[in-house]
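These protein sequence lines map, in sequence, to chains A and W.
So for the first sequence, the working numbering puts the first residue at 232; every next one is plus one.
So for the second sequence, the working numbering puts the first residue at 304; every next one is plus one.
No wet-lab data here; the hints were simulated from the structure.
C-beta atoms are modelled at their ideal positions from N, C-alpha and C, and glycine is treated no differently.
Some hints could be false.
Computed beta-carbon distance windows for the label pairs [stated by the list, open to error]:
1. A/Thr-579 / W/Thr-494: 14 to 22 Å
2. W/Leu-376 / A/Ser-646: 42 to 50 Å
3. A/Leu-663 / W/Trp-324: 54 to 62 Å
4. A/Gln-335 / W/Leu-331: 24 to 32 Å
5. A/Lys-424 / W/Thr-465: 55 to 63 Å
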Amino acid sequence: MQKDTMQKDTMQKGLAVRILSGAAAFTTVLALSACGSGFGGNATSTGSGTAGGGGGLTSSSSALTVMIGSSGNAETNAVKSAVADWSKSSGTKATVIAASNLDQQLAQGFAAKKPADVFYLSTGSLAGYAANGSLLAYGDQLKDTSDFYPTLVKSFTYNNKLYCAPKDFSTLQLVINTDMWKAAGLTDSDYPKTWDQLEAVSKKLTTGKQTGLVVSGQYERLGAFMVEAGGNLMNADSTQATANSAANVQALTYAKKLLTDGAMKFAADTGASWGGEALGKGLAAMTIEGNWITGGMQSDYPNIKYKVVPLPSGPKGQGTLEFTNCWGIAADSPNQAAALKLVEQLTTKSDQLGFAKAFGVMPSIQSAADSWKQAYPQLAPFMDAAAYAQGVPAAKGSAAVVSDLDSKLGSLAKSDPKTLLDETQKNLQALLK
Amino acid sequence: MSANAVRSRSGIHGHETASGWLFTGPVLFLLGLFLVIPVLMALWVSFSDWGGRGSPFSAGVHFIGFDNYSKLLAGGGLAEQDFGTSLRNNAWYVVLVVPLQTALSLFLAVLVNRAVLRGRGFFRTAFYFPSVTSSVAITVLWLFLFSSTGSVNKLLSYIGITGPNWFNEPSGILHDLLGVFGVQNGPAFLTGGTFLGISWWDWLAGPSVAMSAYIIMGIFTTSGTFMLLFIAALQNLDRDVTEAAMVDGANGWQRFWQVTLPQLRPTLFTVLTLGLIGCWQVFDQIYTGTQGAPDKTTLTPAYLSYQAAFQDQGWGQGAAIAFILFVIIVFFTLFQRWVLRERKVSRRKMRPYLSVGTGSSGVPAGAAAAGQPPAPDGERQ
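All chains should be built: construct the whole structure from the sequences, respecting the hints.
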């Protein structure tokens, strides 16, 4: 009996399916033809690059595409207006695309051989793209590279070639909630100058729900301690792994002590997603963050009063980490000559100061430092750090190793710093083979 | 009988083959273009050193044999360790989500299928609702619910429990459980040996607390869908068999286990298979939520594949992970098919019925057959 009903059922379903699939086939044919014409149009408009222009660069009348990984509307609009200004003066059209996932969209462009002409590129992904030939190494064709900070230039040098012009940079410093500072009876003369002092004030500022120091539990923050102790994961050229050096062990042991004493907590353990949120929500009296914190505090926690001071000196003096991005140009761009000119314009002092005003970054050129400090005297410690800050590893594949370390640093309080770093050392060495 | 019907139909309408192909043609073409060809391309990429620039079939791309696979399965480096970790995490996810969601969906289906329940439509919709909501939305909701100061921990605090910091807690729940009994480190035979870069002791850590939150979410979101499948199957069941069982004096519990459940076997197979495939492919929750954190305990092979390819430019490795995952899924599906295969009723189970049939007690043979639960199911196939 059940068999019969089931059969009837499938027959009815069969008819419905036939009608539906007919309709579906018809619509897909329509859709396909529409798609086809779309692709054709694109191909003719951008695929007309001719190699062999000035200095071996391709040049054509193609419009430029600029792809950015934007932190928000302020950044997108600032880049858009700067690029539009350049378009007007140069006569080359250019559009800015704010990528929702920069890594993914860049990779798709490179695979399709139709990449964005100019794009943001992080230190971590530079080596990967440089190795597979996606990037144009245009460093030697820039008019002037001596004005860029040398450490930034090193971050974007792969196989002794400067691949792309540093866009801007950020450094880490200590950010203090001034109301909590005063409430604990501390004054301006108490800003910590040494690790011991940092430990002392952190303990003093830890009361109830409030923790003295709250940082994200990752190398990108705790690495500052490593630099202060005279170490870092790799040497400045990213050609040698130095992860398990005595200095790094000392730095993480210090961080571990702060954690086990309760004077420091990781942001995730307080329920905040990063140090700025912990500071804004009053969970932290101090945090270690970069100059991007100003934007976040202004928009989300305008009532919190804070002050930026230099991180304390470690056993080997002052130190901190710096982060940077650069303007990459695609090897497959049909109009590299124009792209290079655009990048030169975007790294000028006036454009960089414009970006600084719009979204709080620091100019990558030394000649803009003084104007920046005058405009933002309260953030001066971030700029001063340029003298002693060090970059993060840039070797191919190092991003994965660093994220592996980050995943383990979350449980630093329960683990042995030396073991953690030995593991990272092994992984970094594997990259250099 | 059904075979006959099909044959006679195709005999009469034989000339419709051409139009059949015409109608299926576009779909076959689309499937070929967007499914078969990309899959074959990915297979090639997994055996090549393609770096992500230009076509994988261009001149500069070389065949490198099983290099990508061996790095994952026996490389001894970070790649192997990550892959092992992701398999460990996902295996626990599958082991917990698949049975629990199947049981829950069957339970819900039986509940809302009862004629006595008032407002059946409401409950059906309510239970089905999580399934039609976008998984991204539910993940975001989950991140709020399970944050350290979220509603779940608030609720737990009312009964005196300090909830964990769910999505930031990397410790495995089995390890935590053992920790309660004072076992902090595993025995040497477990901590000593490793498989895929992970020690046996860590394989047995159980899902991390963070992963457990995802497990609860997986059960919550998908049991609605499968409940619908079970409802459809339940409504299709023959009342006669159930009534015959009632006449034979089977109580509700017995009827469910001995009469209803065996008849649901095809649906059960569908649900388990779909659940298994879905669970081995967890991606969007991880992508939206924790991205593998904390301590890589929510890393899944699907997400690792994406990460290896798009973020670390290891395209061959990403593709290789995808194909290993494919093999795993096919293996488990076949295994499940084998476990749930139709079996002849064993001689031991048949004995009571046989003795009734052969005996001269005068009981009509029909009644005995109706009271013999697994057999009708076997015939029905």
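Now the hints, each set against the structure:
1. Range check, A/Thr-579 to W/Thr-494: Cβ separation about 59 Å, and the 14 to 22 Å hint is violated.
2. Taking 42 to 50 Å as the suggested C-beta distance range, the pair W/Leu-376 and A/Ser-646 does not conform, at roughly 27 Å.
3. Here the CB-CB span from A/Leu-663 to W/Trp-324 is close to 58 Å, well matched to the stated 54 to 62 Å.
4. Roughly 30 Å separates the CB atoms of A/Gln-335 and W/Leu-331, a value that falls within the hinted 24 to 32 Å.
5. Remark: the range hint 55 to 63 Å for A/Lys-424 to W/Thr-465 is contradicted by a beta-carbon distance near 38 Å.
When held up to the earlier numbered hints, the structure conflicts with 1, 2, 5 and fits the remainder.
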